[in-house]
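Line order of the protein sequences matches chains U and F.
Numbering-wise (numbering that gives the first Met the number 0), the first sequence opens with residue 0 and increments by one.
Numbering-wise (numbering that gives the first Met the number 0), the second sequence opens with residue 0 and increments by one.
Treat the hints with caution; some may be incorrect.
[What the hints assert, rightly or not] Listed next, with one range per pair, are the computed distances between beta-carbon atoms:
#1 Gln37(F) with Pro171(U): 40 to 46 Å
#2 Lys110(U) with Glu13(F): 47 to 53 Å
#3 Lys44(U) with Gln58(F): 47 to 53 Å
#4 Tyr39(F) with Lys44(U): 29 to 35 Å
#5 Ala47(U) with Leu62(F): 46 to 52 Å
#6 Arg170(U) with Pro83(F): 38 to 44 Å
#7 Lys44(F) with Gly124(U): 35 to 41 Å
#8 Lys110(U) with Gln120(F): 34 to 40 Å
#9 Lys44(U) with Met0(F): 27 to 33 Å
#10 Leu133(U) with Ile107(F): 25 to 31 Å
#11 Gln125(U) with Gln120(F): 28 to 34 Å
#12 Pro83(F) with Pro104(U): 46 to 52 Å
#13 Glu168(F) with Ala71(U): 54 to 60 Å
#14 Asn92(U) with Lys44(F): 26 to 32 Å
Hints are computed from structural coordinates only; laboratory data are not their basis.
If you're wondering where the values come from, they're calculated on a predicted model, not measured in any experiment.
Note that beta-carbon positions come from the ideal geometry of N, C-alpha and C, so glycine has one too.
Protein chains: 2
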Amino acid sequence: MFDYLVIGMVLHEELTGYDIKKRIEQGIGHLYKVSHGQLYPALKKLTAKGYLTMNEQMQGKMLKKYYMATEAGKAVFLDWLSAPFDPNTDGDNYLVKIFLLGELPKEIRTKRLQEYEFYTQQLLGQLQVVEKQLSTENLSDREYFELSAFYFSYQLLQNTTHWIQYIKEERPLAGFLQNEGD
Amino acid sequence: MFDYLVIGMVLHEELTGYDIKKRIEQGIGHLYKVSHGQLYPALKKLTAKGYLTMNEQMQGKMLKKYYMATEAGKAVFLDWLSAPFDPNTDGDNYLVKIFLLGELPKEIRTKRLQEYEFYTQQLLGQLQVVEKQLSTENLSDREYFELSAFYFSYQLLQNTTHWIQYIKEERPLAGFLQNEGD
DNA sequence: TCCCTCATGTAAGTAGTTACATGATTTC
DNA sequence: GAAATCATGTAACTACTTACATGAGGGA
Numbered sequence: 000m001f002d003y004l005v006i007g008m009v010l011h012e013e014l015t016g017y018d019i020k021k022r023i024e025q026g027i028g029h030l031y032k033v034s035h036g037q038l039y040p041a042l043k044k045l046t047a048k049g050y051l052t053m054n055e056q057m058q059g060k061m062l063k064k065y066y067m068a069t070e071a072g073k074a075v076f077l078d079w080l081s082a083p084f085d086p087n088t089d090g091d092n093y094l095v096k097i098f099l100l101g102e103l104p105k106e107i108r109t110k111r112l113q114e115y116e117f118y119t120q121q122l123l124g125q126l127q128v129v130e131k132q133l134s135t136e137n138l139s140d141r142e143y144f145e146l147s148a149f150y151f152s153y154q155l156l157q158n159t160t161h162w163i164q165y166i167k168e169e170r171p172l173a174g175f176l177q178n179e180g181d
Numbered sequence: 000m001f002d003y004l005v006i007g008m009v010l011h012e013e014l015t016g017y018d019i020k021k022r023i024e025q026g027i028g029h030l031y032k033v034s035h036g037q038l039y040p041a042l043k044k045l046t047a048k049g050y051l052t053m054n055e056q057m058q059g060k061m062l063k064k065y066y067m068a069t070e071a072g073k074a075v076f077l078d079w080l081s082a083p084f085d086p087n088t089d090g091d092n093y094l095v096k097i098f099l100l101g102e103l104p105k106e107i108r109t110k111r112l113q114e115y116e117f118y119t120q121q122l123l124g125q126l127q128v129v130e131k132q133l134s135t136e137n138l139s140d141r142e143y144f145e146l147s148a149f150y151f152s153y154q155l156l157q158n159t160t161h162w163i164q165y166i167k168e169e170r171p172l173a174g175f176l177q178n179e180g181d
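Put together the whole structure using the sequences plus the hints.
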């Protein structure tokens with residue numbers, strides 16, 4: 000998963016390890032952490048496997064290593080990204096896949112987003128059933144805060160569903176946050 | 000962190016490993032995963048350290064092991080939970096701490112929630128600055144989906160802030176999801 | 001001159017997953 | 001009688017974090 004994300008960063012441009020880390024952080028850094036102790040060995044491994052090429056360049060006294068995906072790298076990346084949504088492996092970190100989804104042709108992309116949407120709506124339905132069975136009155140402190148975590152999950156799922164519906168239609172992002180209430 | 004969560008589950012009642020896993024999953028299972036290959040060794044370790052007691056009981060032909068926190072266990076748990084909010088260690092998984100927050104006296108609890116709120120609002124402010132500098136027109140497919148991930152983070156942070164404000168005041172949970180738009 | 005960012009790497013240790021392994025109880 | 005759930009454990013492997021280690025470049 001992390002390997003695919005790395006390959007996905009260097010499909011169209013040469014980047015250094017440092018750049019790759021920054022790009023990931025700028026996009027999904029609030030929800031996905033990368034340490035450089037994880038990244039540099041991964042770059043080595045992916046280069047050895049033939050999924051990346053490495054191109055050393057001197058800049059002043061600094062030796063920089065620029066990486067880019069090979070054809071083999073692009074192929075395994077697209078295989079991974081094209082695969083149908085699987086709650087077991089994609090349930091967490093679906094955000095990573097969506098972050099990269101622009102690399103897929105529109106038809107496949109839409110299909111994948113429909114699967115994500117279906118999945119989140121199913122989950123939401125399950126939480127709605129649970130929610131109806133809950134008693135939210137006369138709660139102890141303990142119960143109040145335990146339940147608050149449930150409501151947090153519930154809210155998150157609602158908003159995720161809303162977001163997927165929005166981007167599935169590729170509606171303009173500028174209006175995304177304003178339209179919360181519609 | 001996981002260790003404290005486990006101790007937190009058995010402060011007031013004896014539970015089996017299996018029960019502990021279920022309780023965690025029911026509360027925060029959508030956002031925090033527990034494997035039993037992680038739990039059973041942890042129960043052993045925490046018992047060896049003197050933070051839990053273990054009490055074996057035969058039920059039919061099944062040997063069940065009931066765990067409960069010792070005074071030492073309760074002490075380290077409360078130390079951990081009472082500690083001021085630290086973005087480095089609590090930034091992720093603040094949900095775990097809030098899940099257990101009912102164990103703290105109201106004053107400390109409120110102080111901790113104010114810290115969480117302050118932190119999320121600061122982050123939100125940062126994202127607002129970034130958002131204003133973004134151009135969201137004439138995006139390539141690639142750029143559209145990369146940015147969509149940014150907006151997801153943004154939305155999440157907005158909702159988290161809203162949620163923290165809500166539970167800080169201990170307002171009735173039943174009304175939480177309805178009041179999205181106010 | 002100092003500090004921050006850029007830039008790359010290793011290595012020890014920690015944590016976690018997955019599969020292996022087994023068997024009882026309950027529900028349909 | 002089959003399937004799902006209850007119940008506990010180990011062990012190999014994988015992944016990740018953290019600290020160690022080094023140094024250049026740019027701006028105040």
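Hints, one by one, checked against the model:
About 43 Å separates the C-beta atoms of Gln37(F) and Pro171(U), a value consistent with the hinted range of 40 to 46 Å. In this structure the hint that Lys110(U) and Glu13(F) lie 47 to 53 Å apart at CB holds, the actual value being about 49 Å. For the hinted restraint 47 to 53 Å between Lys44(U) and Gln58(F), the CB-CB distance of approximately 49 Å keeps it satisfied. Judged by the Cβ atoms, the range 29 to 35 Å given for Tyr39(F) and Lys44(U) holds: they are separated by roughly 32 Å.
Checked against the hint of 46 to 52 Å, the C-beta distance between Ala47(U) and Leu62(F) comes to roughly 49 Å, which is consistent with it. With their beta carbons about 41 Å apart, Arg170(U) and Pro83(F) fall inside the hinted range of 38 to 44 Å. About 39 Å separates the C-beta atoms of Lys44(F) and Gly124(U), a value consistent with the hinted range of 35 to 41 Å. A hinted range of 34 to 40 Å for the beta carbons of Lys110(U) and Gln120(F) is consistent with their spacing of about 39 Å.
The hinted range of 27 to 33 Å is satisfied by Lys44(U) and Met0(F), whose Cβ atoms lie roughly 29 Å apart. Under the hint 25 to 31 Å, the C-beta atoms of Leu133(U) and Ile107(F), about 27 Å apart, fit the expected range. As the Cβ distance of Gln125(U) to Gln120(F) is approximately 32 Å, the hint placing it in 28 to 34 Å holds. A beta carbon spacing of about 50 Å between Pro83(F) and Pro104(U) agrees with the range 46 to 52 Å that was offered as a hint.
Our hint of 54 to 60 Å for Glu168(F) and Ala71(U) holds, since their Cβ atoms are close to 56 Å apart. Restraint check, Asn92(U) to Lys44(F): a C-beta distance of roughly 29 Å satisfies the suggested window 26 to 32 Å.
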